[in-house]
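Trainee: So you can see what is in the structure, the chains are spelled out below.
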Amino acid sequence: MKDYGLENRKYVIGGIAVVIVVTYMIRLLTLQILSDDYKKNADSNAFLKKIEYPSRGAITDRKGKLLVYNEPAYDIMVIMNEAVGRLDTMDFCKSLNITKEFFIQKMKEIKDRSKNPGYSRFTQQLFMSQVSDKEFSVFQEKSFKYPGFYVQRRSIRQYEYPYAAHVLGDVAEVSLSDIEEDDYYQPGDYIGKLGVERSYEMQLRGEKGVQVLLRDAHGQIQGSYLNGKFDHRPIPGKDLTLSLDIQLQALGERLMQGKIGSIVAIDPSTGEVLCMVSSPTYDPRTMVGRQRSKNHVLLSTNVRKPLLNRSIMGQYPPGSTFKPTQALTYLQEGIISPQTSFPCHHGFYYKGLHVGCHGHASPLTLIPALGTSCNSYFCWGLYHMMSNRIKYKNVQMAMTTWRDYMVSMGMGYKLGIDLPGEKRGLIPNAKFYDKAYNGSWNGLTVISIAIGQGEVTETPLQIANLCATIANRGYYYIPHVVKKVKGEPLDTLFSCRHYTKVNAHNYNVVVAGMRDAVVHGTCRAANRPDYAVCGKTGTAQNRGQDHSVFMGFAPMIKPRIAVAVYVENGGHGAVYGVPIGSLIMEQYINGKLSERSMEEAEMLQNKHIAYGSGDR
Amino acid sequence: MAQVTDKRPSVLRSLDWWTIGIYLALLIFGWFSVCGASYTYGDTDLFSLSTRSGMQILWIGTSICLGFVLLMLDDRFYDTFAYIIYAALLLLLFATIFNPHEIKGSRSWLVLGPLRLQPAEFAKFATALAAAKFMSMYGFNIHRWKDFVCVIGIVVTPMLFIVLQRETGSALVYLAFFLMFYREGMPGSILFTGVAAIIYFVVGIRFDAVLLLNTPSSVGKFSVLLMVLIFTASLVYVYCHDKKQLRTILLYGLGLTTLAFLFSEFVIPFDIVWAQLVISAVLIGYLMYQALSTRMTNYMYIALFTLGSIFFFYSADYVLNDVMEPHQRVRINVLLGLDEDLSGAGYNVHQSEIAIGSGGLEGKGFLNGTQTKLKYVPEQDTDFIFCTVGEEEGFIGSACVLLLFLALIIRLIHLSERQPFRFGRVYGYSVLSIFLFHVFINVGMVLGLTPVIGIPLPFFSYGGSSLWGFTLLLFIFLRIDAGRNLIRN
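Note that the protein sequences, when read in sequence, are chains A and B.
FYI, my numbering numbers position 502 of the first sequence as 495, with every residue one higher than the one before it.
FYI, my numbering numbers position 432 of the second sequence as 653, with every residue one higher than the one before it.
These are calculated hints, taken from the structure and not from any lab test.
Glycine included, every Cβ here is placed at the ideal spot set by N, Cα and C.
Take these hints with a grain of salt, some might be off.
[Claimed, not checked] Each pair of labels, with its calculated beta carbon distance range: (1) A/Lys3 x B/Leu477: 34 to 42 Å; (2) B/Leu480 x A/Lys3: 38 to 46 Å; (3) B/Phe532 x A/Lys3: 30 to 38 Å; (4) A/Ile97 x B/Gly242: 48 to 56 Å; (5) B/Arg337 x A/Ile91: 28 to 36 Å; (6) B/Leu396 x A/Lys104: 34 to 42 Å; (7) A/His225 x B/Leu582: 33 to 41 Å; (8) B/Leu477 x A/Leu(-1): 35 to 43 Å; (9) A/Asn295 x B/Val377: 54 to 62 Å.
The following block holds chain A by itself, in its conformation from the complex (with noise of 0.2 Å):
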């Protein structure tokens, strides 16, 4: 039966099994005594890091009026393995004000792995977050009788106005997500999640301070470590001084109460963004604490979408307020001169095409045509753009000149402002045209861009830009809602110029063309004789009632304050842009409003629009 040939392979078996345990025994030895390494690692984590958070930088308004600042708060973390089983519970929801079975499911949710990756029963865990400090106060009196239950001294952000939620946007835990990105974060910590909180968040959160701590194998604190020598204090937060004029804001957001749209004003001459108002809107001293979950879920499903800020976030045709930069290209292209005129009668016809306009004079040239706002001058004007074969080679050639135009203006593209989620636009090129109309289309094709409609897509902010531009004859800043950092130089971003295309010769007859809409032409409203008002009205079209744009400067002459105003569903622009946008540059250039303004401003304040309730 035997085979001692293959009894010989009990010595292999054998050797298999040496091996094995003299090659971990050799592992051992490098592990447990030839290294240092890992002796130095246990000891650091028989430490215990304890950290001590930063305040957050504060916020104030173009004028030093303080916005946002801190208020204290507590933390009330757990640590299990002390607390099980030793708790008089209802007592202790008692005294926090909670019911018993938000504390269960609370204590759940803190064992559950998937939810909480860093457990352990043997660390503080978060149990309950921004506890305020009235709250707080009935439980620390009892504190001593909850064994395993600690307090962590943090602050939550409060807010002085209940206006510019947008802007300043609001701080809240991080998530998963934000800890995997950054190792700065902890879970429980908070990170700013939207407007200039999430935008600034680096010089907002300071950095945290910690003290290190030893313990010994039961827990328990041994005292400092190294007197210290590791430890080392929080650096508070950066406070931010904001462009915006808070009372310009808050005009801005009574004059858009009940309307879906939006508000934008910015000091040509640097890029400060002065009002940034998007509605709806709300308050934002009820995204903070615990309830802001509960808010923010309430906010987040309104089929107005309160949350999305329409001034960055919203792409709109911007219609007629689009005209001047058709003029400022077909100047500079050469294609008409001030003098050139063109027919309007009640409209553009052309070879069958038609697009319609509204009775005055024919025909005209450019200053009228602006300040009339005649679609027909405009629809000519890039017909004989686009069909210019000494000029272009063909009309793909001429659609990309006309591109590079707008985009030269900071359209079509993001402008960079210092808020998260700026969207782009639309400024369409000939590629664009190529697939839509399979590479056979013309000028009379695209006629309906030259008046601002079709393709073309704007954010306000992208139209309140190009007023600015204007407004400084031919170059904008990007536009920006901090002024300043404390202690830190201001991006150089925002400080450099952006020259478009055209020279500042043709930018002066477009002023003049958007003044002459102010004395005789569209927005005679907003003319007014303490200072000299330029500006374009514009109503675009849409599926349902037109939306009523404005875009306007003052004072025509070293002008202050570029504005722009769309009021969705408004109807024609003189309705409730040129208003709108005459009481905001009332408001910023003379400190105030006159009593009759006042009056308007009451009255505006009042008209609100009949919106469906389907979603937008």
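For chain A, the structure is supplied; the task is to place chain B on it using the hints.
Mentor: For chain B alone, kept in the frame of chain A given last:
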């Protein structure tokens, strides 16, 4: 010669008390480790049934009772009922696949009131019994294809069922049976090829992204091709008994590889793997030439091995990177310890290395390990139990544990070899191979040397199922061994 009627006392007399001693020593050591791993502050009563250490005493007690009962049964019982036991457990394993209770993504736990059982742990002894019975049949010949396929079927069927329960780690244990096949006459080249394939895969994938010093070559590919060269040379030596050829192949192969490396490192960086592939191609050509000129088929088989090795490695690489779905790839990467997932396996290994390293020579003492108390490793008293040994008992303690396991395995080899019947020997080798596999993978994973595969350390890891499973394996063999001197009609 003992009489059949005189059987009971003879069992205790001919019982191998050495094995029992090692078994008890491991149990005691294991209990202290479970105490250390599961101890929490404030718990003073290590014997209370509300603690893991208390429960483990219960499992140890019942295991000893179970062992005693197993010794009291007639040794022919196991032989007679081998297939029935195997069939019953296969049925149970099959039923478990449809178990609705999922624990940590695995369906392998059967919940019966307060009891939680893992049938996979009990299937090992049943499979060993069935394999032993089949292989001890008259006329069985492992070299006959049909027989070999049948016995592999016996081993692979439970393995498949366990994979379907999503308990891949436990299924891999069944690979241990190949060690027993080897002892029973399976050609060594099969074992060698299998081991080589696993090494290629693990080394190649694990170090694929690491670059060799200043060259643009991947350490994984480089080492695999180097291994192919060395294995080929060794095979030539073993199967063709030609020392001169061994020297020639190693000299030229290693020499050219070194030259390529030096050139790439210091002159013009290029991928050395290309040079290695050329060397391998030349080697294959040389072997084929040898096969034709000397008419020794062994050369051809070796050439096939070399070619197959390279082909296997590149196709595994291709399958992993280009064919598999991302989630499957992640699972394999985690298995190989490639994914440093903070809440996953990579973290555990790092923590366990720290814990063991901090133990030093003598350890921190019973219940004094800071790492095992304050840390986050979830499998502290089950799969990662060995790091408690390392931390609290130090190098001396952990070395003792390893030596105890080695002693057990060598003793079991000795016992298996003294079996008068093939049934006992096959069963004995199955048992010791399973133990060896568990120790190899479990301790290796804690030391950061083998992939993280969640299988328990015999007699140490907390839990009733595994302890009972190992006790069954061991004591059935002890009972068979105790009956070795009895003469039957």
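Trainee: For a quick check of understanding: which of the numbered hints are violated here, in increasing order?
Mentor: Of the numbered hints given earlier, the structure breaks none, since each of them holds.
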